[in-house]
Amino acid sequence: MIKITNLNKVFNQNTKKEFYALKDINIKIQTSSCVILKGVSGSGKSTLLSILGALSKPSSGDVIIHEDSIAKLPDLHSSAFRARNLGFIFQSYNLFNELNVEENISIPLVPLGFNQKEINEKVEFALKLANIEHKKDETVSNLSGGEKQRTAIARALVNNPDIILCDEPTANLDSVNSLKFIDVMRKLKELNKTIIIATHDPIFDNLDFVDDIINIKDGYILE
Amino acid sequence: MRTSTFLNFLFLLIYKHKSKHIAISLISILIVFLISSVLFISSSIQKEVFQTLDAQSDFVVQKINSGKIVNTPNYWIDDFRDINGISNIQERVYGQYFFEPSKKYFTIVGIDLFEEATNKNINLLLKKLNISEFLSKDSMIIGNGVNEVFKKFHYFDDYSFKLHNREVKKVSIFKSLPKDANIIANDLIIMDIFLAKKILNIQEDESTDIVLNVPNELEQSNIKIELILKHLDIRVIQKDDIKKAYENLYNYKGGIFLILFIIVMITFGLILYQRYTMISSSDKKEIGILRAVGWSIKDVIKLKISETFIIAFISFLIGVIIAYIYVYFLNAPILSNIFLGFGNLENRVSYTPNIDFSTIITLFLFFIIPFISAVLIPTWKIAVIEPSESMK
Amino acid sequence: MDIFLNNILLSNEIIVFLFTQVILLILLSISFFYSLSIIKNWDYSKTTQEQYKLEKRSYLVILIISFTMIIKIFLLPYFTYSIDILSHIVPGAMCAAGVIGANDYGQPLLSFKVILLFFIGTWMILNTLDLKEKTYPYTKKKFYFFILIFVLVIIETTLDILYLTNISTEEPVLCCSIIFGASSTGTQIPFNLNIPMLLVIFYLLYFLSIFVNVQKNPYLNIIVNTLFIYISYYAVTYFFGTYIYELPTHQCPFCMLQHEYNYIGYFIWGSLFLGVFFAFAYSMLKLLINKSLAYTLKYSLIFNTLFVFICTFYTLRFYFLNGVFL
Chain A
153 MIKITNLNKV FNQNTKKEFY ALKDINIKIQ TSSCVILKGV SGSGKSTLLS
203 ILGALSKPSS GDVIIHEDSI AKLPDLHSSA FRARNLGFIF QSYNLFNELN
253 VEENISIPLV PLGFNQKEIN EKVEFALKLA NIEHKKDETV SNLSGGEKQR
303 TAIARALVNN PDIILCDEPT ANLDSVNSLK FIDVMRKLKE LNKTIIIATH
353 DPIFDNLDFV DDIINIKDGY ILE
Chain F
3 MRTSTFLNFL FLLIYKHKSK HIAISLISIL IVFLISSVLF ISSSIQKEVF
53 QTLDAQSDFV VQKINSGKIV NTPNYWIDDF RDINGISNIQ ERVYGQYFFE
103 PSKKYFTIVG IDLFEEATNK NINLLLKKLN ISEFLSKDSM IIGNGVNEVF
153 KKFHYFDDYS FKLHNREVKK VSIFKSLPKD ANIIANDLII MDIFLAKKIL
203 NIQEDESTDI VLNVPNELEQ SNIKIELILK HLDIRVIQKD DIKKAYENLY
253 NYKGGIFLIL FIIVMITFGL ILYQRYTMIS SSDKKEIGIL RAVGWSIKDV
303 IKLKISETFI IAFISFLIGV IIAYIYVYFL NAPILSNIFL GFGNLENRVS
353 YTPNIDFSTI ITLFLFFIIP FISAVLIPTW KIAVIEPSES MK
Chain X
10 MDIFLNNILL SNEIIVFLFT QVILLILLSI SFFYSLSIIK NWDYSKTTQE
60 QYKLEKRSYL VILIISFTMI IKIFLLPYFT YSIDILSHIV PGAMCAAGVI
110 GANDYGQPLL SFKVILLFFI GTWMILNTLD LKEKTYPYTK KKFYFFILIF
160 VLVIIETTLD ILYLTNISTE EPVLCCSIIF GASSTGTQIP FNLNIPMLLV
210 IFYLLYFLSI FVNVQKNPYL NIIVNTLFIY ISYYAVTYFF GTYIYELPTH
260 QCPFCMLQHE YNYIGYFIWG SLFLGVFFAF AYSMLKLLIN KSLAYTLKYS
310 LIFNTLFVFI CTFYTLRFYF LNGVFL
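Chains as they are written, first to last, in the numbering used here: chain A, 153 to 375; chain F, 3 to 394; chain X, 10 to 335.
You may find that some hints are simply not true.
[As the list claims (entries may be wrong)] Not everything, but these chain F residues come out facing chain X in the computed CB check (under 10 Å):
no., residue
1, I244
2, K245
3, V386
[To be verified] If you anchor each label on the Cβ, the simulated ranges turn out as follows:
no., chain 1, residue 1, chain 2, residue 2, range
4, X, I35, F, K255, 22 to 32 Å
5, F, K18, X, K62, 28 to 38 Å
6, X, I35, F, Y326, 28 to 38 Å
7, A, D289, F, Q276, 33 to 43 Å
8, X, I35, F, Q222, 40 to 50 Å
[As the list claims (entries may be wrong)] Straight line, CA to CA, 27 Å or less: simulated DSSO-like cross-link-like pairs of lysine-lysine:
no., chain 1, residue 1, chain 2, residue 2
9, F, K200, F, K129
10, F, K300, X, K81
11, A, K288, F, K383
12, X, K65, F, K304
13, A, K155, X, K143
14, F, K154, F, K200
15, A, K180, A, K341
16, X, K81, X, K122
17, A, K224, F, K286
18, F, K241, F, K286
19, X, K49, X, K143
20, X, K55, X, K307
21, X, K49, F, K300
22, A, K288, A, K274
23, X, K62, F, K383
24, F, K304, X, K295
25, X, K149, F, K300
26, F, K172, F, K154
27, A, K169, X, K55
28, F, K383, A, K168
Quick caveat, the hints were computed from the structure, so don't treat them as lab data.
Glycine residues also receive a C-beta, built at the ideal position from the N, C-alpha and C atoms.
Let the sequences and hints guide you as you build the complete structure.
Have a look at this one:
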């Protein structure tokens, strides 16, 4: 269970450029559910997602995941939490372009203390799940948009996280690849993962496996 | 994190980003090369000088007149023979001869071919010499540098020395010393002692100075006092003092060099600091990705510092190896002149390897520590950037 | 100007050594300034931008201190080696022991360096403990401790410069056989002990240190281990060392670091320093943050025992090989 209580995020506090990105957010997300954060660009959904993913820290309020307060964790602990429990899929894939697919996927595992054999096993698992096994030795710069996305998905899955966070995943994909992406998400839902997708793509509006849609505008939750 | 997987990833990254590191590598290699060469050359010269010095006698006695060194009277030898503990007293004859055609000086050394010399090197030379043939006419043995000059001016078999009384003395060239005999021996001419005295205008009952050995080390300071007491106008030089003076001189010269290099290293450090602070946006993005997928700040710093260390280490190795080849195989073409002076004869010298592990360690410390220190702060700066910022 | 051109300062190794010390001092000064703001404003419960910035700064200080520690550990034997090289131009000195005695700063400097390493090592352990907790509870204490270390480093570097600029290349120094009294063994050992008494106290202190280790009182641990390292220095120099060199008049703590003796000196001094260090770390941590770290006591025991074992081994080996004691 993910609980967000009284979350606020201010940028450039006490200066002329002060900007309230998130105002008093309170959300409860059930385990193994799939939730869509819906809102236009600038509504604050990406900021909310990065705070959820322990990538940035809130100005006030808390995020509690599985009874652990993670909003204020210092870096060593928040990154350990991220490495073990979260998988992040970004809008612009954010891959190492000079490395190949397999190497990119193994990156999250390096600081976790696995030996090479264990890493290879987990990478195999992720490759199969994201359906990109046939391209595992291909350098990322040579891949198509959809293949890059699948590589990013595989990387997010390699450490078998409980929670998957996606930030505008279909923004750079065509409709065919968007549908493929949704298929993967469905598979993940079947594996009982908690999935949170921040998007304004209407393709997510009427999906069968989506449990909840949360609308965000100007940093507020719309009821 | 597991070391083996970390290292795998580290080397993978370095390999894929080769071009990023080229500029710094080249500058590093150049700096390491220069400083290693300087160190190698000076330690080789030092070793040679000390070897030669060791072969010298323990004491040199000279006569002083109004502050200047003058020729020593030979009857002093008998005076000194009385002192207990002295072995091997000998007169020495040597001096400079001005060679007009190339406007350079040769050093002439006179040897008494029938007495055992106190100088071990000369003894070795004498053993191999066919003395009767040498003495059948006025002959000389010349160093490699002298040989080259004579050849240049077409003196192939002999040369006529100009004496002080406008007479000429023709001396034939018996043989020349091999090139790698000695840096010291380069501009040397060795001849019979009486011949040398004639050419250098020294009276028969005089010599340039007197040398003697004192085998028992503990007696040396006592004997020095006794020597000084024998005559008023005497100057006594002890081998140990010369050794110390040379060592100080080397430290001095070497030290000045090193201080210059400190300035080089500081500049290099600033360059490094600049270069690592202004990293490209793709670099920033990569670090953002690492942090986003679960790498902690500590892990990222560890990665970046290790990367820098490996680049520095490899550059260091390459620089040292090139320096080694340059000094010991190619004989250091341009740098040599800085050390041995342009004024000397065209020195075609060859260096003998004389480096030990500790010199390399000193070099390594001198290079690596400022290097890594300069990149500590820039590395930290980029490692702590918020991932969301760096991935925009 | 004269003082800078003196020949000690111009030996390659000393230049590199001082250069490194200065670099470390500069880095630590930067850390010092950051530490001040951390100590003043650190409050884990706050979620402001300021607090996050302080957290990031603390990582820089940790990085610099870790780097300093590694370098200083390496600099200690390098310093000894550089001093040894200087024995060629310091009249009368035949090895590092003579050069250290060239002025009054030498011995205190060397002891100070070891103590400094103890402090830095303890700081590293404190840091590890701090980072393991989710709330970084010991941060303020950690940085106060760092300020202390910074002051110690300034003192150490000052002592370095004072020592190195006061070595005379004119006046002869005593070489080890006189310092360590080949002919007058009794006068150099503290409290005018003779060798057998020294040995008795040495072993007594060792067993006492085991007892205190088990008993876990921090004050007793520090006191006993300090006495132990103090007496061990003399025991090794005047007794055990002679069995390593197999010469009753060769009483020198430095020569055993050379390759002629298989570098055993590093093991001997290393295990002694580590054993005492861990006892020291245990006591400091217990007093600072009231945490009782069992593993430090364990290591202290292991290394002290190793040290005593190596020393005793050389003595017994000589006896069994030769049938007599020296």
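**Prompt:** Hey, K55/X versus K307/X, does the alpha-carbon distance stay inside 27 Å?
**Reply:** 38 Å, violated
**Message:** A closest beta-carbon separation below 10 Å is what the hint needs, so does V386/F meet it against chain X?
**Reply:** 4 Å, holds
**Request:** Using the beta carbons of I35/X and Q222/F, state whether their distance is inside 40 to 50 Å or not.
**Result:** 48 Å, holds
**Prompt:** Would the pair K169/A and K55/X pass a check requiring their Cα atoms to be no farther apart than 27 Å?
**Reply:** 22 Å, holds
**Request:** Sort out whether K341/A lies within 27 Å of K180/A, counting only the CA atoms.
**Result:** With a Cα-Cα distance of about 18 Å, the restraint between K180/A and K341/A holds, given a limit of 27 Å.
**Message:** So if I understand the rule, the pair passes when the alpha-carbon distance is 27 Å or less; does K49/X with K300/F pass?
**Reply:** With Cα atoms ~24 Å apart, K49/X and K300/F stay inside 27 Å; holds.
**Request:** Assess, step by step, whether the Cα of K304/F is no farther than 27 Å from the Cα of K295/X, and give holds or violated.
**Result:** 30 Å, violated
**Message:** Against the 27 Å threshold, does the CA-CA distance of K149/X and K300/F hold or violate the hint?
**Reply:** 20 Å, holds
**Asked** Is K288/A within 27 Å of K274/A, Cα to Cα?
**Response** This hinted pair holds, its Cα atoms lying about 13 Å apart.
**Message:** Run the distance test for K288/A versus K383/F: straight-line Cα separation, threshold 27 Å.
**Reply:** Cα-Cα ~34 Å, so violated.
**Prompt:** Has the hinted range 28 to 38 Å been met by the Cβ atoms of K18/F and K62/X?
**Reply:** 33 Å, holds
**Request:** With chain X as the partner, please determine if I244/F meets the hint condition of a C-beta pair closer than 10 Å.
**Result:** 13 Å, violated
When held up to the earlier numbered hints, the structure conflicts with 1, 11, 18, 20 and 24 and fits the remainder.
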